[in-house]
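Undergrad: Protein chains in written order, with full-length UniProt numbering: chain A, 1 to 279; chain B, 1 to 279; chain C, 1 to 279; chain D, 1 to 279.
Treat the hints as calculated values from the structure; they're not laboratory data. Predicted, not measured: the structure shown is a model, and the values here were computed from it. You may find that some hints are simply not true.
Stated by the list, open to error - Using C-beta positions, here's what the derived DEER-type ranges look like:
1) 122(B) - 196(A): 29 to 37 Å
2) 266(C) - 134(D): 42 to 50 Å
3) 164(B) - 181(A): 29 to 37 Å
4) 208(A) - 275(B): 51 to 59 Å
5) 94(B) - 122(A): 23 to 31 Å
6) 196(A) - 275(B): 52 to 60 Å
7) 197(D) - 71(A): 24 to 32 Å
8) 122(B) - 266(A): 32 to 40 Å
Beta carbons: idealized from backbone N, C-alpha and C, even for Gly.
There are 4 protein chains.
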Amino acid sequence: MCRWLAYSGTPVLLEAILYRPAHSLIDQSLHSKMGVETTNGDGFGVGWYASDGAAGTPAVVREIGPAWSNRNLREIAGHVRSSLFFAHIRASTGTAVQQTNSHPFRHGRWMWMHNGAIADFHRIRRDLALAVDPLLFPDIEGSTDSELMFFLALTLGLEEDPPGAVARMVGLVERVGHAHGVEFPVQMTVAVTEGERLWAFRYSSQGSSRSLFYSTRVEALRELHPDMAFLREVSDETRLIVSEPLGDLPGAWNEVPESTYGVIQPGGDEMLRFTPQAQ
Amino acid sequence: MCRWLAYSGTPVLLEAILYRPAHSLIDQSLHSKMGVETTNGDGFGVGWYASDGAAGTPAVVREIGPAWSNRNLREIAGHVRSSLFFAHIRASTGTAVQQTNSHPFRHGRWMWMHNGAIADFHRIRRDLALAVDPLLFPDIEGSTDSELMFFLALTLGLEEDPPGAVARMVGLVERVGHAHGVEFPVQMTVAVTEGERLWAFRYSSQGSSRSLFYSTRVEALRELHPDMAFLREVSDETRLIVSEPLGDLPGAWNEVPESTYGVIQPGGDEMLRFTPQAQ
Amino acid sequence: MCRWLAYSGTPVLLEAILYRPAHSLIDQSLHSKMGVETTNGDGFGVGWYASDGAAGTPAVVREIGPAWSNRNLREIAGHVRSSLFFAHIRASTGTAVQQTNSHPFRHGRWMWMHNGAIADFHRIRRDLALAVDPLLFPDIEGSTDSELMFFLALTLGLEEDPPGAVARMVGLVERVGHAHGVEFPVQMTVAVTEGERLWAFRYSSQGSSRSLFYSTRVEALRELHPDMAFLREVSDETRLIVSEPLGDLPGAWNEVPESTYGVIQPGGDEMLRFTPQAQ
Amino acid sequence: MCRWLAYSGTPVLLEAILYRPAHSLIDQSLHSKMGVETTNGDGFGVGWYASDGAAGTPAVVREIGPAWSNRNLREIAGHVRSSLFFAHIRASTGTAVQQTNSHPFRHGRWMWMHNGAIADFHRIRRDLALAVDPLLFPDIEGSTDSELMFFLALTLGLEEDPPGAVARMVGLVERVGHAHGVEFPVQMTVAVTEGERLWAFRYSSQGSSRSLFYSTRVEALRELHPDMAFLREVSDETRLIVSEPLGDLPGAWNEVPESTYGVIQPGGDEMLRFTPQAQ
Numbered sequence: 001m002c003r004w005l006a007y008s009g010t011p012v013l014l015e016a017i018l019y020r021p022a023h024s025l026i027d028q029s030l031h032s033k034m035g036v037e038t039t040n041g042d043g044f045g046v047g048w049y050a051s052d053g054a055a056g057t058p059a060v061v062r063e064i065g066p067a068w069s070n071r072n073l074r075e076i077a078g079h080v081r082s083s084l085f086f087a088h089i090r091a092s093t094g095t096a097v098q099q100t101n102s103h104p105f106r107h108g109r110w111m112w113m114h115n116g117a118i119a120d121f122h123r124i125r126r127d128l129a130l131a132v133d134p135l136l137f138p139d140i141e142g143s144t145d146s147e148l149m150f151f152l153a154l155t156l157g158l159e160e161d162p163p164g165a166v167a168r169m170v171g172l173v174e175r176v177g178h179a180h181g182v183e184f185p186v187q188m189t190v191a192v193t194e195g196e197r198l199w200a201f202r203y204s205s206q207g208s209s210r211s212l213f214y215s216t217r218v219e220a221l222r223e224l225h226p227d228m229a230f231l232r233e234v235s236d237e238t239r240l241i242v243s244e245p246l247g248d249l250p251g252a253w254n255e256v257p258e259s260t261y262g263v264i265q266p267g268g269d270e271m272l273r274f275t276p277q278a279q
Numbered sequence: 001m002c003r004w005l006a007y008s009g010t011p012v013l014l015e016a017i018l019y020r021p022a023h024s025l026i027d028q029s030l031h032s033k034m035g036v037e038t039t040n041g042d043g044f045g046v047g048w049y050a051s052d053g054a055a056g057t058p059a060v061v062r063e064i065g066p067a068w069s070n071r072n073l074r075e076i077a078g079h080v081r082s083s084l085f086f087a088h089i090r091a092s093t094g095t096a097v098q099q100t101n102s103h104p105f106r107h108g109r110w111m112w113m114h115n116g117a118i119a120d121f122h123r124i125r126r127d128l129a130l131a132v133d134p135l136l137f138p139d140i141e142g143s144t145d146s147e148l149m150f151f152l153a154l155t156l157g158l159e160e161d162p163p164g165a166v167a168r169m170v171g172l173v174e175r176v177g178h179a180h181g182v183e184f185p186v187q188m189t190v191a192v193t194e195g196e197r198l199w200a201f202r203y204s205s206q207g208s209s210r211s212l213f214y215s216t217r218v219e220a221l222r223e224l225h226p227d228m229a230f231l232r233e234v235s236d237e238t239r240l241i242v243s244e245p246l247g248d249l250p251g252a253w254n255e256v257p258e259s260t261y262g263v264i265q266p267g268g269d270e271m272l273r274f275t276p277q278a279q
Numbered sequence: 001m002c003r004w005l006a007y008s009g010t011p012v013l014l015e016a017i018l019y020r021p022a023h024s025l026i027d028q029s030l031h032s033k034m035g036v037e038t039t040n041g042d043g044f045g046v047g048w049y050a051s052d053g054a055a056g057t058p059a060v061v062r063e064i065g066p067a068w069s070n071r072n073l074r075e076i077a078g079h080v081r082s083s084l085f086f087a088h089i090r091a092s093t094g095t096a097v098q099q100t101n102s103h104p105f106r107h108g109r110w111m112w113m114h115n116g117a118i119a120d121f122h123r124i125r126r127d128l129a130l131a132v133d134p135l136l137f138p139d140i141e142g143s144t145d146s147e148l149m150f151f152l153a154l155t156l157g158l159e160e161d162p163p164g165a166v167a168r169m170v171g172l173v174e175r176v177g178h179a180h181g182v183e184f185p186v187q188m189t190v191a192v193t194e195g196e197r198l199w200a201f202r203y204s205s206q207g208s209s210r211s212l213f214y215s216t217r218v219e220a221l222r223e224l225h226p227d228m229a230f231l232r233e234v235s236d237e238t239r240l241i242v243s244e245p246l247g248d249l250p251g252a253w254n255e256v257p258e259s260t261y262g263v264i265q266p267g268g269d270e271m272l273r274f275t276p277q278a279q
Numbered sequence: 001m002c003r004w005l006a007y008s009g010t011p012v013l014l015e016a017i018l019y020r021p022a023h024s025l026i027d028q029s030l031h032s033k034m035g036v037e038t039t040n041g042d043g044f045g046v047g048w049y050a051s052d053g054a055a056g057t058p059a060v061v062r063e064i065g066p067a068w069s070n071r072n073l074r075e076i077a078g079h080v081r082s083s084l085f086f087a088h089i090r091a092s093t094g095t096a097v098q099q100t101n102s103h104p105f106r107h108g109r110w111m112w113m114h115n116g117a118i119a120d121f122h123r124i125r126r127d128l129a130l131a132v133d134p135l136l137f138p139d140i141e142g143s144t145d146s147e148l149m150f151f152l153a154l155t156l157g158l159e160e161d162p163p164g165a166v167a168r169m170v171g172l173v174e175r176v177g178h179a180h181g182v183e184f185p186v187q188m189t190v191a192v193t194e195g196e197r198l199w200a201f202r203y204s205s206q207g208s209s210r211s212l213f214y215s216t217r218v219e220a221l222r223e224l225h226p227d228m229a230f231l232r233e234v235s236d237e238t239r240l241i242v243s244e245p246l247g248d249l250p251g252a253w254n255e256v257p258e259s260t261y262g263v264i265q266p267g268g269d270e271m272l273r274f275t276p277q278a279q
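Work out the full structure: start from the sequences and follow the hints.
TA: Rendered as structure tokens:
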């Protein structure tokens, strides 16, 4: 399993979010509290959209070692600003530790990252791979369930209808899993973005999903904590979605309910029920 | 493209073959003379069967950096003896530089390494992947044509009939390639072994294959070079097969002809014509 | 801080010691119980003398990533036998994660590994470096206190009198530390060998040293556990020294007392008091 | 030896300089034309000052593998803009391939990179290390002559008087070298900056220095090549200094003479004679 973080809001140096909080994501790479594994040292990645508003694809930097000791990540985080970025730390459960298995994954303007697993993935991997659009198939570079889920979602319309495509992807994985006798095929929290909106999903076939939290609205937090300088510097729309809370600011974090997805977007965020769509 | 070397004979420290010759494989990683690329710095691997005669699988050590500067390879080569080993240096033509894309590949007791390419691999990768035995499919870890050729050969009977399985694999790749409009789908030199016998293939659809050489019989070499101490220490059966000659000992190297494969085996080596078998 | 293991005895595949025990060293890289850090993921190393009795230097393979996910370590461990080997997993406390900072360190036939730290090393590093024999100085490759302790011990006669040289090295570090106002300069467990004998030291200036254990004599263990097949396969002289016990076999592990060193050697092991020698 | 590039001028995406030219630095990592080695695959680094004008230290990203296959370098280069940056590709001549030996080196706001070597460095390394300011000594992390030259220059006043400090550093290295019987101790091209001005030095004790080139003034180039769009997008002050020319634009490159240094600075560049200053 893994830990991840998605940020949307006022452009900040990545380090303000990745390193400075008390229980930061980098700290979680060594000492996760809520993860299935306490250590997430099997690679990491960060993906960001340039803050100068340039259209185009995000930068994605991925590595195979632990995040906690990586000096290049610290350099980048200390000198790159972004208003929308993903960060992910990986704990492999056997799949090769290699750059192409580190998150986030990218396709054009889209980024995807995942915590969880497809149960018995080894057995159903081939059937899932066959369901990927033949035109997309050659772009699969790694061997993870996470990347394959991304390609299935792309196949099923991610770029037109993200929540629908993810619902169809999960429905497909559950159908294929059940056909192979897997009782609970899907366990996931997923974040996906095209650079403007950001979707985050929490779901598992068993109804017992990995943890997921979103930050309280900044204006409400400011009332709670009028003394915190950081809160005066960020816009009302700033949001974080995380596998486990950073720091321990009272009132700052709210659990995403089971079988739910959220949308962070200009004009008002939303939280909606997530239901897999049979394929 | 790449360079490779296969050794069979008197147990030696790997370094005697990998480092000591004048134009050694490690030297070729920086300065190949006959390769399509002069630099082969995108990963390397070495696979050996333990010289204490223990049955079982070979050790396979693979890395992602250049061989020439790798200290661990030098340590291993200086302390491990083997009577049958493979070594490979890689020059990627775009595929990810990652451990699971470095050669040799292993399946049970079998090792496989390759120099060359499947033309337009990106386009026909999916069709070839579908032809892999579903039980073997989940074990594919990398994204190279080389690994996929190995899995296709395994699917087509490598463990029972190596030359036949390779002929069927090549026939299959040519058929699928032609169906996609690829004129000359296969370009290869391949080495494969199960720890006792060693097969080496030179073939390309166009009849213009990458170079491949085998060493002259030791007893003949001894007559040519009675002063060379090394030749008195190795058995008559000792053989090397290489992408390009090591050193420049007159009379030491012979080119494997086009569309030919050789078998190194107890009781007498053989050289035979290689013909793809339509699938 | 770190964890380490030293083995001397019947030639075994490294994996029998590194991977198979319940709480193996590789397991400790993720979940140390007694270490200052629970994760030791900042590099590792293994050094072994070839089991074919060849004289000469040990092989030393060192890496910068975590041991738990390293496939090459597993390959080597599964195919290399040795009657005397070291293994070390590192948790950096700020020094660069690089191959030349991973243990064990080697000089000629000698290997050295360390758990602990020189307090305020940053401040006294230069004075210690100046105390290294000018002929040895250029061979320092890394930036750790551990390597510098090795070079100081070499300077002070390690090759002629290991316990005396280590006592002098510790005396020197304490004197230099005290001169800089460091109250407790040394914290260490150290293992050192030339391929035949093996010395292990436990000492700290404060008298509160990192843990160190040695295995019970094999013949005594056999009486305690007559059913354990492994114990029938190893010689009476087989010994392990470890930072923390492997497995939980009752009666198998004994703590090395404070300010003590042990010698594993043909003809009878010894345990003696360790006293720094003022320099 | 190595290859390097320094850019100062209109903010550009790093890739415009690092990847797009016909004979780019990344291309030189595989196929250098003028270097002592044709392959520069033993690590690389890039250092940049953020283009948003933020004061402070530059970002420095350094790696140990070849630049040509590094995906993260391409990501960074495609998404980071800077008006002042360094890039360096390394060919080791024996020193460890590790992150702390890759260029550029940084101290506070200052960056340093080097091509060349101190002759017989192994023998005079200790004496040079002793000449480093004791307060700076603990910050030495690697084992190269290049980093030590930087620390000596810092010791000798780099931050107040860069050309003078470099002259004193070279004078010191020559004196120490001569004292050890080294005839021609210094071979170097060096670039150094604090984020506003940029100094580049070409010197060798033998008067036979590694190549160094500076780009022609942009306004002159525009007259020569009125059709080149790129030239209309960059300011008149834009300058490149490189180990060997990028591309083959007639009139674009000028050799820096022997024993010369240049200053790129607001208000007018300069080229001056470089003379080591005896220490």
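Undergrad: If a hint holds in the structure, say so; if it does not, say that too.
TA: Hint check results:
1. Checked against the given bound of 29 to 37 Å, the beta carbons of residue 122(B) and residue 196(A), roughly 30 Å apart, stay inside it.
2. Judged by the Cβ atoms, the range 42 to 50 Å given for residue 266(C) and residue 134(D) holds: they are separated by roughly 46 Å.
3. At about 36 Å, the CB distance of residue 164(B) to residue 181(A) agrees with the hint of 29 to 37 Å.
4. Judged by the Cβ atoms, the range 51 to 59 Å given for residue 208(A) and residue 275(B) holds: they are separated by roughly 58 Å.
5. A hinted range of 23 to 31 Å holds for the C-beta pair residue 94(B) and residue 122(A), which are about 28 Å apart.
6. Separated by about 58 Å at the C-beta atoms, residue 196(A) and residue 275(B) satisfy the suggested range of 52 to 60 Å.
7. Under the hint 24 to 32 Å, the C-beta atoms of residue 197(D) and residue 71(A), about 27 Å apart, fit the expected range.
8. The beta-carbon spacing between residue 122(B) and residue 266(A), approximately 37 Å, falls within the hinted interval of 32 to 40 Å.
Violated hints are absent here; each numbered hint is respected by the structure.
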